[in-house]
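A.B. asks: Protein chains in written order, with the working numbering: chain A, 149 to 511; chain B, 149 to 511.
No wet-lab data here; the hints were simulated from the structure.
Be aware that a few hints might be false.
[What the hints assert, rightly or not] Covered stretches of chain B (in silico footprint by chain A; criterion: 3 or more residues with CB under 8 Å from a CB of chain A, positions within the stretch not fixed):
hint : segment
1    : 253-260
2    : 265-272
3    : 355-363
4    : 443-457
In this text, a Cβ means the ideal position worked out from N, Cα and C, and glycines have one as well.
2 protein chains.
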Amino acid sequence: VPPEWRIYARSASDDKAPVIAVLAAIDALRAANIPLSVNLKFFFEGEEEAGSTHLPAILEKYADRLKGDVWLLCDGPVHQTRRMQVYFGARGITDLEMTVYGPARPLHSGHYGNWAPNPAVVLANLLAGMRGPDGRIRIAGFYDDMRPLTDTEKRAVAEAPDVDAQLKNELGLAWTEGDGKSVTEQIMLPALNVRGIRAGNVGATAQNAISTEASASIDFRLVPNQTPEKVRQRVENHLRQQGFHIVSKTPDMETRRQHPRVIKLEWGAGYPPARTSMELPLSRAVVRLIEDALGAPIVKMPTLGGSVPMYLFLDVLKTPVIGVPIANHDNNQHGANENIRIQNLWDGIEIFAVLLAGLGRAF
Amino acid sequence: VPPEWRIYARSASDDKAPVIAVLAAIDALRAANIPLSVNLKFFFEGEEEAGSTHLPAILEKYADRLKGDVWLLCDGPVHQTRRMQVYFGARGITDLEMTVYGPARPLHSGHYGNWAPNPAVVLANLLAGMRGPDGRIRIAGFYDDMRPLTDTEKRAVAEAPDVDAQLKNELGLAWTEGDGKSVTEQIMLPALNVRGIRAGNVGATAQNAISTEASASIDFRLVPNQTPEKVRQRVENHLRQQGFHIVSKTPDMETRRQHPRVIKLEWGAGYPPARTSMELPLSRAVVRLIEDALGAPIVKMPTLGGSVPMYLFLDVLKTPVIGVPIANHDNNQHGANENIRIQNLWDGIEIFAVLLAGLGRAF
Numbered sequence: 149v150p151p152e153w154r155i156y157a158r159s160a161s162d163d164k165a166p167v168i169a170v171l172a173a174i175d176a177l178r179a180a181n182i183p184l185s186v187n188l189k190f191f192f193e194g195e196e197e198a199g200s201t202h203l204p205a206i207l208e209k210y211a212d213r214l215k216g217d218v219w220l221l222c223d224g225p226v227h228q229t230r231r232m233q234v235y236f237g238a239r240g241i242t243d244l245e246m247t248v249y250g251p252a253r254p255l256h257s258g259h260y261g262n263w264a265p266n267p268a269v270v271l272a273n274l275l276a277g278m279r280g281p282d283g284r285i286r287i288a289g290f291y292d293d294m295r296p297l298t299d300t301e302k303r304a305v306a307e308a309p310d311v312d313a314q315l316k317n318e319l320g321l322a323w324t325e326g327d328g329k330s331v332t333e334q335i336m337l338p339a340l341n342v343r344g345i346r347a348g349n350v351g352a353t354a355q356n357a358i359s360t361e362a363s364a365s366i367d368f369r370l371v372p373n374q375t376p377e378k379v380r381q382r383v384e385n386h387l388r389q390q391g392f393h394i395v396s397k398t399p400d401m402e403t404r405r406q407h408p409r410v411i412k413l414e415w416g417a418g419y420p421p422a423r424t425s426m427e428l429p430l431s432r433a434v435v436r437l438i439e440d441a442l443g444a445p446i447v448k449m450p451t452l453g454g455s456v457p458m459y460l461f462l463d464v465l466k467t468p469v470i471g472v473p474i475a476n477h478d479n480n481q482h483g484a485n486e487n488i489r490i491q492n493l494w495d496g497i498e499i500f501a502v503l504l505a506g507l508g509r510a511f
Numbered sequence: 149v150p151p152e153w154r155i156y157a158r159s160a161s162d163d164k165a166p167v168i169a170v171l172a173a174i175d176a177l178r179a180a181n182i183p184l185s186v187n188l189k190f191f192f193e194g195e196e197e198a199g200s201t202h203l204p205a206i207l208e209k210y211a212d213r214l215k216g217d218v219w220l221l222c223d224g225p226v227h228q229t230r231r232m233q234v235y236f237g238a239r240g241i242t243d244l245e246m247t248v249y250g251p252a253r254p255l256h257s258g259h260y261g262n263w264a265p266n267p268a269v270v271l272a273n274l275l276a277g278m279r280g281p282d283g284r285i286r287i288a289g290f291y292d293d294m295r296p297l298t299d300t301e302k303r304a305v306a307e308a309p310d311v312d313a314q315l316k317n318e319l320g321l322a323w324t325e326g327d328g329k330s331v332t333e334q335i336m337l338p339a340l341n342v343r344g345i346r347a348g349n350v351g352a353t354a355q356n357a358i359s360t361e362a363s364a365s366i367d368f369r370l371v372p373n374q375t376p377e378k379v380r381q382r383v384e385n386h387l388r389q390q391g392f393h394i395v396s397k398t399p400d401m402e403t404r405r406q407h408p409r410v411i412k413l414e415w416g417a418g419y420p421p422a423r424t425s426m427e428l429p430l431s432r433a434v435v436r437l438i439e440d441a442l443g444a445p446i447v448k449m450p451t452l453g454g455s456v457p458m459y460l461f462l463d464v465l466k467t468p469v470i471g472v473p474i475a476n477h478d479n480n481q482h483g484a485n486e487n488i489r490i491q492n493l494w495d496g497i498e499i500f501a502v503l504l505a506g507l508g509r510a511f
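Isolated chain A (complex conformation) (with noise of 0.2 Å):
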C-alpha cells in the first residue's frame, strides 16, 4: 500500500488509529521475539469526546492497579510538516456564557435610541475591555498565574517548524495575533476565545430596534499554573470593577430596576493544564528513542494548543505524561471523510515497538 493512500472510516484517526497501531507493535515485537522492556498497562477511554464525565473517578479509584512510570497519551496529531512530534503538555479549558440586559421588551431605536440601554453596545464595549484584536487579555492580573517556560522549553518553541507563513497563506490572513509571534509562541499563553456573540438581528432581518438582551460564549484555554477557579475569580472581579453585578440566573424585573448593570454568567466546569518536564531522564529517553528509530529530529512541544485533561494523570495519579500522537494532522478529525494517512500508521507501529523494547533500559 503506497504510504500516502488513506483509511477512510468514522473515527480512522481519532483514535481507532493508535490503538490499532500499538497493537500491531506488540504483534510486530512477539513476531520478532523482541521482549518489551517495561511493564505495559493499557487505559482506553471511551467518553473522551463526550467530557471525560466519569474519568476523574475512575483514576481516583483503581489509582494503585494504575501505578506507573509514565502515561503515554496516543491521542492528537503530529505536526503540519509530517515530522513526529511528542508533547509534554495541553493547555487547560474553561468555558462562560455571558448575558448583559437591556430594556425588558424590545424598543424603537428611533423614539429611544440613546437612551435606554443598548445590550448589544454594553456587550462590546465589556468584550473589548476584557480583550484586544490583538489576543492581549485585558483583564487584571490575568497572567500572574503564568508558570514561566523553562529554558530547554523556549529552546523547544524556537526550534519547532515555523508553519506560520503556510498557514497565512491557506487562511487567507494578512496579519496575527500577538505582534508577529509564532503560532507555537502563542499558544505557550492562556487564550480568550470569544466563541460566539448573539444581540438583535443583522442583514436582512435587522430592525431599527434596541434588544432586550446580548450574549457572547468564551472559552479560555489555560496554562501553568492558572486553574478554571482562578481565571472564574478574575473574570468576576474584573467585571465587578466595570460596575457589573452578576446573576447566575436570568433576573426578574426588581433586580433589573435595582441594577444599573446586570451579568448573567454561566461557566462550565473545565479543567486546568498540565505540563511534564522535559528534563526528566524519562521525557529525554523516549525523544532519543523516538528520533534514533526515525533517524530525524522530532518536535517537542511543551504544550499541545488543544486542551486535554492531562492534568488527572499528572496532578491526581502523580505521574508523568507525554503525548506520542501519530495520526496525520490533516485527518479531518470529527468530521465527514476522517482518514488517517498509511505513512503515519507504519510510523505509529515503529514508534510504539521502540518505546515498548527500549524504554526500560533508557533512563
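Starting from the structure of chain A, add chain B where the hints point.
C.D. replies: Structure of chain B alone, referenced to chain A:
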C-alpha cells in the same frame, strides 16, 4: 361611546385615524356653516411603510400643484401622558451592515486561539471604539455637523412632561444612557444604535472555534444639519484610521491575504433630518390654536426621535412642515390588536376643525 373605548382594526391608528378625523372635521364645519380659513390640499401617501420610494419623484413632478404655506403631517402619536403634541422635525436615518473577517475556514480555538485573528473580538473592539455604553459616539467629528438647539427649542424640551421614571420602571432599567439626561433631551442628539451582532455561536450551539466572520447592523439617527453622506464619510474615515481596508463585496482570498483588516460595508440609502423653526408665525399659530381649543398647554417637540422624511417638504419643496398627530401612543402600531382610542379620535376631529377654520386668520 365612552372615550376610553378603542376601535381595534388593522391600521386603525396608523394611519386611518387622521384620514377619518380630517374628513369628519370638514363635515362638521360644513354642518355648522363654518367656512374654511385656508385653501386645502390633501396628499395621501400609500407607500410610507414601504420606504416611500416614489415620493421624492412625485413631489418634484407636481411641485407646482403642491405649493402651499405649510404641510401638516398627521402621522405619529400624541405624548405618552396623553397630552396632545405637535412636532417640528424628525431625526433622519441611515443604516449600515458591517462584516469583518477571520480565517477562511473555522479553526480549532485550542490549536489556533491567540494566533489566528478572531473576528468577533475585532468587531467588539471596533464597535466599542465607535460608541460607548453611555450613548456617546466616539467617531471623530460626528457631532461637528450638529446645529445647536435655539432657546425656544431648549425651552420646549425642558417643558416636555417627564416620563423617564415611569419608563424606567416599566422597562426594568436602573440606568439610562446620556448620564441621566431625559429621553426628550437625548433624542435631540444623533444616535448610533447597534441593531444586532452575529458571530459564531453561543449557548448550547457554541463551539470551541474561531469563526470566519462577524457582522454588526447599525442604524444612525441624524439631527440637523447631519446628512447620510456626511455620516458615511465620517464613519469610513474612522474605519480607515483604525487600519481597516473597506470593501463593498465579500473579499476574495487575494484581498484577505493583502490587507490586515478587511471590512465589508453595506450602506442603506436613508434620508436627512429636518426641523421647522418653532419661531415662524405659522408655527406659533398652530400651537396657539390647538392650546386655545383644548384649554391646556400641549407638548411641543422640536424633533421626534423616530424618522419621517420631513426633509422632502422642508428642504425639497421649501415649505414648513409641522406634525399634528392624534393617535394614542399605546396603539400597538404595526402589531396585533392595533387600535385607536376614542378620545383621541374626538380630539383629532376637534383640532383639525380648529386649524382649518382658524389658521388662515391666525398668522
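A.B. asks: Does each hint hold? Answer for all of them.
C.D. replies: Each hint tested on the structure:
no.	hint	result
1	253-260	holds (count 7)
2	265-272	holds (count 7)
3	355-363	holds (count 7)
4	443-457	holds (count 4)
Hint check: no violations occur; every hint is consistent with the structure.
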